[in-house]
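Undergrad: The primary structure of each chain is shown beneath.
Number of protein chains: 2
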Amino acid sequence: MAPIEPRVLKGFRDFLPAQELIRRGMIEKIEKSFRSFGFVPIDTPALEYAEILLGKGGGETEKQVYRFTDQGGRDVALRFDLTVPFARFMAEHRRELVLPFKRYHIAKVWRGENAQRGRYREFTQCDFDIVGSDSAAADFEILLMMSTTLGLLCGEASGVTIRLNHRGLFNRFLESLGLKDKSVQILRQVDKLGKIGRDGVRNLLEDIAGAGAGEKILGYISLGEGDFEKTLEKLTAAAGEGEDTRRLEELKGYMKDTGTGGSFVLDPSITRGLDYYTGVVYESFLDELPGIGSVCSGGRYDRLTELYSKEPLWGVGSSIGLDRLQAALEELSARSGGCSDGSGGGFSGRIRCCDAAVAALETGNSGKAQALAEAFRRRGIRCEVFLEPKKLTQQFILAEKKGIPWVIIPEGETLTLRNIAARENTEGLDVEAAAALAAGG
Amino acid sequence: MAPIEPRVLKGFRDFLPAQELIRRGMIEKIEKSFRSFGFVPIDTPALEYAEILLGKGGGETEKQVYRFTDQGGRDVALRFDLTVPFARFMAEHRRELVLPFKRYHIAKVWRGENAQRGRYREFTQCDFDIVGSDSAAADFEILLMMSTTLGLLCGEASGVTIRLNHRGLFNRFLESLGLKDKSVQILRQVDKLGKIGRDGVRNLLEDIAGAGAGEKILGYISLGEGDFEKTLEKLTAAAGEGEDTRRLEELKGYMKDTGTGGSFVLDPSITRGLDYYTGVVYESFLDELPGIGSVCSGGRYDRLTELYSKEPLWGVGSSIGLDRLQAALEELSARSGGCSDGSGGGFSGRIRCCDAAVAALETGNSGKAQALAEAFRRRGIRCEVFLEPKKLTQQFILAEKKGIPWVIIPEGETLTLRNIAARENTEGLDVEAAAALAAGG
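Chains as they are written, first to last, in this note's numbering: chain A, 1 to 441; chain B, 1 to 441.
Calculated directly from the structure, the hints in this document are not laboratory data. Be careful, since some hints might not be right.
Same chains, same label: a pair holds when it works inside one copy or across any pair of copies.
[To be verified] Only pairs whose alpha carbons sit at most 16 Å apart, straight line, appear in this in silico EDC-like list of lysine to aspartate or glutamate: (1) K182 to D207; (2) K390 to E331; (3) K10 to D70; (4) K182 to D227; (5) K368 to E411.
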């Protein structure tokens with residue numbers, strides 16, 4: 001029988017260890033950061049009733065969804081984001097939870113869209129939300145978590161700027177132009193600014209709102225130059241004072257109190273295309289690679305559970321696009337000639353997966369080798385056991401290929417430790433001394 | 001519009017924070033253990049070509065698989081285990097990897113089977129395998145990892161016994177009865193011993209192998225009483241010496257060298273139903289709850305990639321069924337009256353998700369509260385900020401509900417720390433002193 005060609009579906013990927021180690025390292029940092037704010041994890045099924053996930057049926061979304069009939073004749077679909085399952089989750093479990101509920105959810109989602117650079121049909125989202133509070137304090141906590149967590153992930157590689165806006169402010173401005181009833185359509189077009197440019201958006205806006213309106217709207221959304229305070233003044237002048245400007249004032253105060261103002265820009269061109277946002281909205285950009293688009297976006301939505309429950313529930317949250325962020329950090333690391341020093345800090349560099357290996361000296365010796373390795377593992381040294389007895393030089397090459405910095409060679413009652421990078425041996429060690437040496441380098 | 005009833009599909013589950021924290025804690029322990037042996041993580045797509053996953057088409061498996069036609073007309077399926085995707089992965093990537101390749105993969109799989117107690121349609125497997133070595137050293141490393149990792153997970157709750165056998169030995173015994181060509185069928189029936197009992201299996205065996213053969217086979221597989229060495233002697237007497245008995249001898253030596261013999265039992269009734277095993281096979285049972293079945297099973301398979309490549313590749317590996325193990329540990333914890341002391345050690349007890357919370361004293365104060373919380377976070381204290389100003393007693397109740405042991409109350413230039421369990425305040429602290437107190441208790 002001819003072999004089946006081994007391949008994955010278009011838009012899907014295998015993660016080899018070098019990439020998966022980076023990925024898991026990122027997730028670990030994200031989780032640690034979320035947990036430090038007292039957020040707790042949840043999980044929901046990958047597969048749900050299509051009715052639950054698609055609700056009223058959003059045109060564009062529906063085309064992208066993996067939807068099928070299961071063995072029991074049920075109309076089911078793979079989740080395409082983590083927000084809709086979370087809305088269902090809150091409607092189902094709110095009585096079991098303490099509000100305000102602060103949760104995160106890191107999981108894969110699937111969309112059968114066209115696969116482009118940085119866009120996959122299977123990708124990971126890291127959502128974090130506060131449900132049950134309509135306060136500026138909740139809005140700010142999400143913003144602070146974005147800035148803190150992205151800062152941890154990007155480190156020295158890039159600064160992060162979070163551009164925020166308030167939907168209400170823009171809607172009031174449209175109202176002043178007599179365009180309130182067209183706000184959803186207009187918001188969707190403005191959201192395309194980054195993709196199709198100013199002229200393209202002007203044309204689309206004039207189709208909807210009439211000649212002249214396009215330029216006025218574009219003029220308004222260009223007010224976001226200069227600092228937060230000045231921009232807020234200009235926007236308030238354009239749309240008048242309201243609940244939204246007061247909310248933005250309050251956020252500005254919190255930024256000042258926490259000394260985080262430098263990370264935030266008030267930008268009236270940020271609208272987010274999705275209809276469900278009702279308050280603040282935001283996107284995040286890497287200062288060194290703005291062209292890759294937003295790596296973490298979100299906002300306030302006040303009708304989260306309305307599809308599944310008559311009880312209203314406020315929410316505010318954001319989502320890190322892990323795949324796009326990983327691609328961006330890899331690109332930045334490649335640009336700066338990221339080094340392969342095994343320190344685990346770089347992106348193009350190999351992350352050290354193992355600290356030491358016990359050499360295989362003879363067949364039948366593996367029990368003793370494992371007992372020795374266990375003594376190192378107990379001391380916090382990740383220690384592999386080589387399985388096939390070979391010349392020591394070959395085992396050193398194997399260690400080098402695998403990125404293992406130390407090889408442990410039992411010699412009678414003592415140990416010799418080989419430093420692979422320096423090509424040096426240290427002889428006559430006991431386990432304690434060898435573990436200390438391996439832990440240090 | 002009437003709300004859509006919020007519900008999940010039968011056999012699928014939401015994980016609320018209390019369960020998800022336990023689950024993630026288990027995965028963290030498992031990963032740490034695997035990594036300490038120098039194993040590295042990989043990931044593969046949830047969705048693959050049906051042809052890749054189903055290959056020759058296994059009757060029972062095929063019925064359980066979620067299979068459908070995607071938007072591009074492709075015949076696709078959700079993975080039903082992590083072994084088949086791994087075989088495809090190895091055939092596709094072996095040139096990019098250093099052999100022997102030691103990898104783990106912790107991920108969800110989907111099977112549309114009947115949902116029973118402890119059986120779900122979506123569940124998590126934790127696979128670990130060594131590919132590219134046919135040595136007893138590799139067999140033993142997997143066994144040692146099983147015993148070490150399950151030991152870490154079960155802790156005081158239960159001992160773990162790993163029951164192992166060798167497929168070759170049983171096949172040679174069948175050969176001596178003239179039943180070699182029926183070995184696959186016979187192995188499948190013997191695997192049902194735990195489910196349908198001795199009489200049921202005897203009847204099935206006699207249908208296949210003729211009158212009398214059933215009793216002989218059952219006699220052979222009952223030889224596994226007493227210690228490893230004695231059982232191996234009896235089995236060798238029944239089937240003669242061979243490569244398989246020598247392999248078991250070697251493993252016995254390794255157990256002795258590592259002092260782990262007490263965890264392993266040689267049990268000729270362990271056969272594993274799956275056809276692809278060719279050498280050692282094993283299952284693991286909790287001493288305190290054997291009825292729940294095997295929580296970690298596996299074995300040696302020597303034709304891993306044969307569907308996708310003409311190059312043969314040896315492998316040996318095992319898989320922890322996370323859901324079943326979690327259910328078992330929860331049951332054991334409930335039996336022993338697991339306490340809710342917040343220490344994170346118990347299963348029925350609540351895992352502490354957050355160490356402290358800053359009280360909300362007045363509206364508009366949230367920036368200062370976040371700045372204070374950041375000072376605690378920097379010192380390793382997970383610190384939530386309460387968002388809604390309420391009476392302090394109500395905030396203490398909120399902390400208690402959420403399992404947060406300390407509440408931080410700013411009082412002018414100093415801090416008061418409320419111990420929720422003891423209902424005691426300590427006043428006049430600076431951040432350093434308050435963080436030290438919160439870290440201690």
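Undergrad: Each hint: holds or not?
TA: Hints, one by one, checked against the model:
Taking the closest pair of Cα atoms, K182 and D207 come within 16 Å of each other only inside a single copy of the chain (12 Å); across copies the shortest separation is 76 Å, beyond that limit. For a Cα distance limit of 16 Å, the shortest separation of K390 from E331 qualifies neither inside one copy, at 39 Å, nor across copies, at 48 Å. For the identical chains of this complex, K10 and D70 are inter-copy neighbours only, at 12 Å across copies versus 23 Å inside a copy, given an alpha-carbon limit of 16 Å. Proximity of K182 to D227 under the C-alpha cut-off of 16 Å is found in neither arrangement, the shortest distances being 30 Å within a copy and 80 Å between copies.
When the C-alpha separation of K368 and E411 is checked against a cutoff of 16 Å, the pair qualifies only within one copy, where the shortest distance is 12 Å, while the shortest distance between copies is 61 Å.
Taken one by one, the earlier hints fail for this structure at numbers 2 and 4, listed in ascending order.
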